[in-house]
Structures are given as C-alpha cells and as structure tokens.
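J.: This is what each chain is made of:
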Amino acid sequence: MKILVVDDDLHIQRLYKEEFEDEGYEVVVASNGQEAIEMFEKEVPDIVTLDILLPDVDGIRILRQMKEKNPKIPIIMSTAYDYRDDFAVWASEAYIVKSSDMDELKAMIKKLLSK
Amino acid sequence: MDAANSQKFTEVIFTNMRDGIVTLDRDFRIVSANESIQRWAGRPAADLINRDSREVFHKVSQICPHCAALPAFETGEITTVTQKSGNQGTPIYAELSVYPVRNERGEVAECIVFIQDITDRMLCHDEVLRLYSEMTQTKEYLESIIEHSADGIVTSDLNGIITSWNKGAERIYGFTKKEALGQFLPFVPEFLMETEWENNRKMRNGEVLERIETFRKRKDGTIISVSLTLSPIKNAVGEIIGISGISRDISEKKNVEKELIRRNQELSRLFFISSAMRGTLDLDRVLRMVLTAVTMGDGLGFNRAILFLVDEEKNILRAAMGVGPASYEEAFHVWEKLSLEKKTLSDIMQEIAVGLTRKDSFFDRLSHSIEIPLTEDTSLTRAVKEQKAFNIDDVGKEPLSDAVLIQQLGTRAFAAVPLISRNKVIGVLWVDNYFNNRAITEEDMRFLTAFSNHVASAIENARLFERVKLAEQELENIFESISDMVYFVTEDYVVKNINQAVSKRLGKSPEEIIGKKCYEIFHGMHQPWAACPHQKTVERREAFVQEVEDSHMGGTFITSSSPIFDITGKFMGTVHVVSDITELKNLRERVIKTERMAALGEVAARVAHEIRNPLVSLGGFARRLEKKLNGSMKEYADIIAKEVGRLEDILNEILSFVKETRIQKECVAAQKLMEDVISLVRSEIDDRGIALVREFGDPIELYVDPNRVKDALLNIVKNAIQALENTGTISLRIYRKDKTCILEISDTGPGIAEEDLPFIFDPFYTTKKAGTGLGLTITHRIIEEHDGRIEVESKAGKGSIFRVVIPIKEL
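So the sequence lines, in the order shown, correspond to chains A and B.
Our numbering puts the first residue of the first sequence at 1, with every later residue one more than the last.
Our numbering puts the first residue of the second sequence at 1, with every later residue one more than the last.
These are computed hints drawn from the structure, not numbers from a lab.
We put the beta carbon where it would ideally sit given N, CA and C, even for glycine.
There's no promise every hint is true.
[Unchecked claim] DSS-like mimics (lysine-lysine), calculated; alpha carbons at most 30 Å apart, straight line:
| hint | chain 1 | residue 1 | chain 2 | residue 2 |
| --- | --- | --- | --- | --- |
| 1 | B | Lys739 | B | Lys710 |
| 2 | B | Lys508 | A | Lys106 |
| 3 | B | Lys642 | A | Lys17 |
| 4 | A | Lys106 | B | Lys202 |
| 5 | A | Lys110 | B | Lys634 |
| 6 | B | Lys496 | A | Lys17 |
| 7 | B | Lys642 | A | Lys110 |
| 8 | B | Lys139 | A | Lys111 |
| 9 | A | Lys106 | B | Lys627 |
| 10 | A | Lys17 | B | Lys634 |
| 11 | A | Lys110 | B | Lys628 |
| 12 | B | Lys496 | B | Lys508 |
[Unchecked claim] What follows is a set of in silico ranges between Cβ atoms, one per label pair, in the way DEER data are often shown:
| hint | chain 1 | residue 1 | chain 2 | residue 2 | range |
| --- | --- | --- | --- | --- | --- |
| 13 | A | Glu41 | B | Val792 | 32 to 42 Å |
| 14 | B | Lys795 | A | Tyr95 | 38 to 48 Å |
| 15 | B | Ile639 | A | Tyr95 | 26 to 36 Å |
| 16 | A | Tyr95 | B | Ala530 | 48 to 58 Å |
| 17 | A | Tyr95 | B | Glu542 | 50 to 60 Å |
| 18 | B | Glu755 | A | Glu41 | 52 to 62 Å |
| 19 | A | Tyr95 | B | Glu755 | 26 to 36 Å |
| 20 | A | Tyr95 | B | Val792 | 31 to 41 Å |
With the hints as constraints, model all of the structure from the sequences given.
T.: And the structure:
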C-alpha cells in the first residue's frame with residue numbers, strides 16, 4: 001500500500017513518512033502542489049494526505065485536480081488549522097487537524113484502505 | 001200794454017236780466033249795455049258806452065258780440081251763435097242771440113246782442129256725447145270678444161232655437177253661424193236631451209249653471225267633452241227670454257291639464273322622496289323612508305306597507321320592514337297626531353335621516369316574521385318572477401292571494417309592486433288600506449310603480465354601500481393587523497393615517513401622530529430627512545424601497561414608499577410600509593461575521609501553520625523517541641511529547657477564541673483611521689526612507705468597526721511598502737465623492753501584472769515570496785462588511801492605486 005504525503009513542512013513530511021513506514025506502508029512525499037500532482041500521476045498512490053497551505057497552489061485546488069484525475073483514490077486533508085467552517089473540503093474522504101498524536105490519522109488511513 | 005208801461009217793462013228787463021245785453025251800431029260802437037255785461041266785458045256798463053266792441057270783449061272773455069252781429073247787419077236776420085271761451089282752463093260757453101234794429105228807412109242801424117252763459121248745458125251735452133261714444137266702444141269690444149272668443153258663445157230662445165252663434169262655437173261644433181241660427185240645439189247629443197230640458201227648466205227659474213262638465217256633439221257626429229256655463233238672458237223688464245251658453249272644448253285640454261297636474265304632483269313627491277332616500281345610505285333608514293313615504297297622507301297615503309326583499313340564498317321573500325298602525329285606534333291617533341303637528345313628508349324624512357332608527361312598532365314586528373318561499377305561486381312571488389304589479393281588490397275572489405298575508409295581517413285587498421333594480425327584482429312593496437278601506441286605484445298603481453323604481457335603486461345603493469362598508473371594514477382590519485408599520489403621508493410630510501403598529505412602535509396614540517410632520521414623528525428631526533425614501537417618491541412619483549438605519553427609532557428598517565394618486569391622477573402622497581429588520585439585520589450581521597471569521601480564520605490559519613507545524617514535528621518525533629528510548633531518557637521524551645500535546649490544546653483554544661471576535665461599529669473620522677495605520681508602519685517607512693504624501697482634507701465621519709477597517713487599510717499599506725523594493729513614494733488621500741468616503745493608497749512600486757489583477761483578492765494568491773496570500777482577501781472581506789468596495793488601478797512599472805470606498809451613513 002502506497003501513501004502520498006503532501007506537505008511543505010519537511011519535518012512533518014519526515015515524521016509522517018517514518019510513522020507510516022513503521023506501520024508497513026510504502027511512502028512517497030511531495031513538498032508543493034506541482035510536485036504533488038506529478039507524484040500522484042507517476043506513483044499512483046493508494047491514499048493521499050494533503051496539506052492545504054502550500055507554497056505554490058492551494059491544497060483545495062490540488063484536491064480538485066487529483067479527484068478529476070482519479071476520483072477513486074481516497075484523500076485525507078491534513079491541515080494545521082481547522083478550515084472546515086471556512087472552505088468546502090467536499091471532495092476529500094476525510095479531514096484531520098495535524099497533531100503530534102498520530103493514532104487518529106493512522107486509524108483513518110487503515111479504515112479508508114480497508115474499504 | 002201802453003207805451004209808458006212798455007217802456008218801463010223794457011227798462012226793468014234790460015236792467016235786471018241775468019244775460020248780458022249790449023247794443024252795437026254799424027261801426028260796432030257800443031250804444032248801450034246792461035249791468036250783467038260786466039261778466040263778459042270785465043267793467044261796468046257805463047264804461048262801455050261809445051267804445052268799440054272789438055276792443056272791449058276780446059281781451060277779457062274771448063266772447064265777441066261783433067262777430068255774432070256781423071251776419072245780422074248784413075242779412076237783417078236774427079242770428080244765434082255759440083262761442084267758447086277757454087281762458088282759465090275750464091271752458092265757458094256763451095250763446096249770443098243777435099236782434100237787428102231797423103231805422104225809419106228800413107236799414108239795420110243797430111243790433112241788440114243777448115249773451116247767455118250756456119256752459120252748464122254745453123258740458124252736460126259733452127258728457128252725453130262721451131258716454132255714448134264709450135258705450136259704442138264697449139259694445140264693439142264686447143261683440144269682438146264674443147266674436148273672437150276661443151269659447152263658443154251661443155244664445156237661444158227658451159225653446160232652444162239658436163239666436164246667436166260666434167266663431168268659437170263654429171270652431172268647436174263645426175256648424176257655421178248660418179247653419180246654426182234658427183236651428184234647435186244642433187249640438188246636444190240625443191242621450192243628453194233630457195238633461196238639457198232639465199237645464200232649460202233651471203234657466204227659466206233664473207238659475208245659473210257654472211262650468212258644468214258635459215258632452216256635446218259636433219257637426220261630424222263626434223262627441224266631445226266641454227265645460228259649460230249656462231245663464232238666463234233677461235229683457236229690460238227682467239223677463240227671462242232666452243239662454244246664453246258659453247262652452248269650452250276640454251276633451252283634449254282636460255286630459256292634458258289633468259295629466260300635467262297629476263304628473264307634477266307625482267314628480268315633485270317622487271323627486272322629494274327619492275332625493276331624501278338618496279341622501280342616506282343606511283339600509284334601515286332607506287327602508288323606513290320608503291315605507292313612511294308610502295303610508296303618509298302627504299305621500300302615497302296607504303294605510304299599511306311592507307317591504308319584502310328577495311333572499312337569493314334561501315330563495316324566499318322576506319319582510320324587511322313594515323310600517324302601519326296596529327289598530328283602528330292607533331290609526332286614528334296617528335292621523336290625528338300628524339294633522340295636529342302639521343308635519344310634512346319632508347319633516348318626517350328629515351327625522352328619519354338624522355334620527356335614531358327605531359324598529360319597535362307592533363306592525364313591524366308582526367310583518368317581520370313573514371317569509372314567503374319563491375317556489376309558491378302567489379301574487380307576491382309572481383310579482384318577483386314576472387316583474388309585474390298586482391292589484392288585488394278582493395282577496396276572497398283572487399286565487400293568487402297570499403294566505404299568509406290574509407292570516408297574519410287580515411288584509412282584504414292589497415297591491416304588490418316589484419322593486420326592480422338593474423333588471424333584477426330585489427323585492428316587493430306591499431300596501432293595503434286596511435283601516436279606511438279605500439280602493440286602490442289605477443292611479444295609485446301607476447304612482448306605486450313609478451315610486452318602486454326609485455325605491456329599488458335607493459335600496460340597491462344602500463345595499464352596495466353596506467357591502468362597501470363591510471369591505472372597507474375588512475381592509476381597515478387588515479390595515480390595523482399588519483405587524484409592519486403602515487402609514488400615509490401627504491406631499492408636504494403630514495402623517496394622514498397610521499395603523500396600530502405605528503402607534504405601538506412609537507408608543508404614542510394615533511391622535512399624537514396624525515397631522516404631525518413625518519420627519520418629526522419618525523426621525524425626531526426638524527426638517528425632512530434626505531435619506532428617507534418619501535422624499536424621492538415625492539420627487540419622482542415612483543415607488544422606492546430602501547434600508548434605513550434610524551437611530552431615533554432605534555433600529556434598521558426596510559422602508560417602502562409608494563406614491564398614491566386619486567382617480568383623476570393627482571398625486572396625493574405616499575404610503576409607507578416599514579418593516580423593522582433590526583432582528584433580521586442582526587441575523588445577517590451574524591452571517592457576515594461568520595464570513596468575516598473565515599477571513600479572520602485565515603489570519604489564525606497562518607498563525608496555526610507557523611506554530612502548529614513545528615509543534616506537530618516536535619511532539620511527533622518526541623513520541624518516536626519515547627518509543628525507542630528506555631529509562632530516564634524515555635521519560636524525558638514522554639515529558640516533551642506531553643508538553644507539546646498541552647501546547648497543541650492551548651493553540652486550539654486560542655484559535656477557537658479568535659473565531660468568536662465580534663464587530664463593534666462606532667463613529668470615527670476616516671482621517672483618524674489612516675493616521676493610526678500610519679503610526680503602525682511609521683518606523684518601517686522612516687527606516688527605508690520612503691516618502692509619505694498625505695492629502696486628508698476635512699474630517700469625514702464614518703460608522704465602522706475601526707479596528708477591522710484599520711486591519712484592512714494596514715494590509716494595503718503594508719503591500720505598498722513591500723512593493724517599494726528600495727525606496728519610493730506612498731500617497732494617502734482621503735476625500736468625499738457623492739455619498740461615499742474614499743481612502744486612496746497609491747505607491748510608486750512596480751505595479752501588478754495585468755494577468756494577476758483579477759486574482760489579487762483570492763485567498764492564498766500572492767506574488768510575494770513570503771506572502772500568505774490572505775492579506776488582500778481579509779481586506780476585501782472587511783470592506784464588504786462595511787458595504788464598501790475596493791477599486792484597484794495598476795500597471796506594471798507604474799505603481800498601484802488602491803481606493804477603499806466606504807458609504808457615508810448619515811445619522
């Protein structure tokens with residue numbers, strides 16, 4: 001199972017990568033929107049964790065593009081701030097506010113992949 | 001008689017005679033005169049001797065003895081002339097008798113003239129002449145009258161033989177004078193011969209028959225109606241010798257006249273009653289007027305009357321009202337009272353029009369219970385169905401008689417007339433003469449029918465009015481129950497009408513509001529309020545809907561102002577419907593706030609991003625360490641992870657707190673806002689040597705949340721500072737344009753590329769390396785919250801101009 005982690009914060013990127021690898025997943029990473037789309041097409045992940053605040057294109061637009069390309073791949077919006085009141089995150093399968101406690105995120109991934 | 005006696009006798013006569021005597025010779029010289037001559041000559045006789053007669057008399061009495069004597073001197077004959085003297089107005093007549101006296105040669109030497117006053121005799125003669133002429137004229141006049149009279153004037157002897165026949169008789173009867181004279185009463189029809197002999201007998205007794213109406217026969221045999229006056233003719237000794245008859249053909253005239261009089265009476269009564277009825281629109285009063293008019297002696301004079309109205313729903317005729325006495329005693333009492341009080345129909349009508357409506361008579365109660373199904377076949381139902389009047393002179397003989405009327409009212413004869421309004425029978429007017437048993441005549445029926453037409457329209461009018469009144473009441477109810485304030489204001493700002501909501505909202509009674517100026521009442525001002533839509537509606541005669549924030553009433557209102565015109569198209573004022581949307585506004589503000597929170601949230605998001613990401617890495621790796629370490633190191637890692645967890649919780653709390661920030665509007669000068677913004681960036685401007693140009697003008701008061709607007713402006717100013725890579729100029733201008741305040745921020749930086757311009761307010765859109773892309777988004781939202789807008793003018797290499805446009809709310 002391959003997870004694409006999109007986050008411009010390199011430490012977070014690494015934290016996610018190591019944690020997910022410990023769980024037995026293959027992890028690929030992207031640091032901006034453009035890279036994220038490239039990896040999404042090239043690697044064809046089974047699931048994506050996607051940050052909203054990216055340096056080039058905002059995560060909402062990336063989400064839309066990914067869903068246009070392959071709507072079957074589940075995407076978890078993983079953000080530093082709870083945007084759920086402000087922006088529609090319609091197309092994503094799940095939403096989580098980043099936390100140092102990653103149990104919830106891991107459970108979310110497990111559940112989405114088991115479907 | 002001897003000579004001496006004769007001489008003496010002559011002398012006595014000569015001296016004492018009352019007539020004047022004068023003797024003239026041939027030269028008209030006065031030879032002798034007696035004393036009586038003084039009357040004619042004006043001086044004593046002695047003075048006259050030897051004077052010329054022509055000089056003496058003429059001057060005094062215009063009597064001339066010489067003129068009278070002249071023919072006697074010439075002819076020698078005795079002559080007599082009459083002379084008239086009219087000196088002092090009343091004429092005096094004198095008869096002059098001239099006696100010639102011959103001398104011995106037989107020539108007339110002298111004349112003796114006797115002057116006798118015959119004035120009395122002459123005047124008497126004149127009078128007789130005058131009378132005669134007058135009598136002749138009168139006779140001619142009378143004859144002319146008789147001859148030319150429009151009336152036929154005929155005389156006959158006592159046996160009926162015509163003795164005179166004028167032109168009028170010729171015209172009326174068709175016989176010429178020639179044909180009629182000598183005939184035996186040619187104009188008396190055979191069937192009246194007996195009556196005629198009876199008249200003849202009365203004439204012989206000296207009676208006069210004046211203006212008897214009878215019939216006569218014309219020459220062509222047609223019978224005509226005449227008015228006849230017969231009188232006996234008497235001869236000089238008072239014997240009756242004949243009969244004179246003056247006849248007038250009234251067959252045509254009689255009818256016309258009679259009709260005219262009747263019509264006139266009818267019309268004036270009808271006119272009066274109908275105008276009285278038209279004057280009132282109260283159905284009850286109209287009905288009472290109708291029935292009073294029908295039953296009063298001065299009106300139609302029936303004893304009792306009932307008005308039945310058609311109830312279409314139930315298909316019945318229902319007695320709406322009845323008027324009439326309950327008994328003979330009451331009838332007598334009422335009639336007596338009316339004649340004593342001398343009340344006319346007009347008095348009674350007036351009483352009904354303004355007095356209390358009473359409905360308490362016995363007869364009214366008696367009749368009130370009567371209902372006749374229209375399915376029955378009776379005179380009343382037929383009056384409705386066939387639109388026909390019925391005159392039932394004996395209920396016992398009439399199969400169509402209404403049993404209920406006979407049983408309940410005891411009527412023996414009655415009439416029923418349909419009330420027709422616009423081709424529809426709306427009811428039936430029923431009348432009878434129960435107490436005096438007077439038969440209802442054809443004329444009564446005619447009048448009743450004419451009357452009923454007026455009645456019907458008056459009743460219909462009253463009914464329509466009741467319906468209108470009801471509709472009006474309904475409208476009034478609606479008007480009053482509308483929870484929005486509804487009021488009518490004239491062109492000159494006077495409040496004319498208000499609903500309950502207005503007085504409730506203002507806490508004042510309608511009396512305190514109506515008639516006052518609307519701007520005083522609603523806005524607490526002393527002159528019209530420019531922001532009020534009423535003004536615009538008055539100017540443009542169109543409806544306006546506007547949101548008005550009114551500090552006097554304390555709230556925000558949607559005010560619609562619509563012009564009202566009367567039927568002639570004249571502008572009368574405006575109707576205002578004012579909804580208090582303060583609550584709605586609050587709700588809306590909450591919605592806006594939520595949106596604003598999103599913008600705020602973006603600031604928070606940035607903060608969160610900058611803090612949460614490091615925390616997550618910190619905590620996340622601490623947890624990994626904790627898993628891989630043992631002993632005290634594991635414990636340390638655990639402490640770090642837990643503390644980070646605590647920080648994350650605090651961050652969440654702070655962020656949720658930020659989201660609840662509220663808008664606080666207050667009055668503040670635009671210039672003050674800008675100064676505050678400048679003070680925040682002052683050090684940076686100074687450090688970088690940026691030139692700051694300010695054109696602020698007079699203070700412009702804005703009603704805004706100063707902190708929010710400052711945030712908005714700060715973002716633009718910061719952008720401007722950042723745009724100036726090294727140094728340059730930032731210009732700040734504040735000015736008023738129409739009803740808005742414009743805060744203009746321009747820089748001399750590189751400007752915004754044309755392709756970027758449409759996106760600069762989008763979230764996360766930035767051209768800066770370190771930008772969040774949220775600054776202008778937040779600015780935009782804040783300005784929108786204040787009903788304003790941002791205009792941007794920019795060209796690459798030429799700098800940018802940002803104009804923040806905020807409406808000025810007049811309070």
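J.: For every hint, state whether the structure bears it out.
T.: Do the hints match the structure? See the list:
no.	hint	in the structure
1	B:Lys739 <-> B:Lys710	holds, 21 Å
2	B:Lys508 <-> A:Lys106	violated, 69 Å
3	B:Lys642 <-> A:Lys17	holds, 22 Å
4	A:Lys106 <-> B:Lys202	violated, 150 Å
5	A:Lys110 <-> B:Lys634	holds, 28 Å
6	B:Lys496 <-> A:Lys17	violated, 79 Å
7	B:Lys642 <-> A:Lys110	holds, 25 Å
8	B:Lys139 <-> A:Lys111	violated, 150 Å
9	A:Lys106 <-> B:Lys627	holds, 16 Å
10	A:Lys17 <-> B:Lys634	holds, 22 Å
11	A:Lys110 <-> B:Lys628	holds, 23 Å
12	B:Lys496 <-> B:Lys508	holds, 15 Å
13	A:Glu41 <-> B:Val792: 32 to 42 Å	holds, 37 Å
14	B:Lys795 <-> A:Tyr95: 38 to 48 Å	holds, 42 Å
15	B:Ile639 <-> A:Tyr95: 26 to 36 Å	holds, 30 Å
16	A:Tyr95 <-> B:Ala530: 48 to 58 Å	holds, 51 Å
17	A:Tyr95 <-> B:Glu542: 50 to 60 Å	holds, 52 Å
18	B:Glu755 <-> A:Glu41: 52 to 62 Å	violated, 26 Å
19	A:Tyr95 <-> B:Glu755: 26 to 36 Å	holds, 33 Å
20	A:Tyr95 <-> B:Val792: 31 to 41 Å	holds, 34 Å
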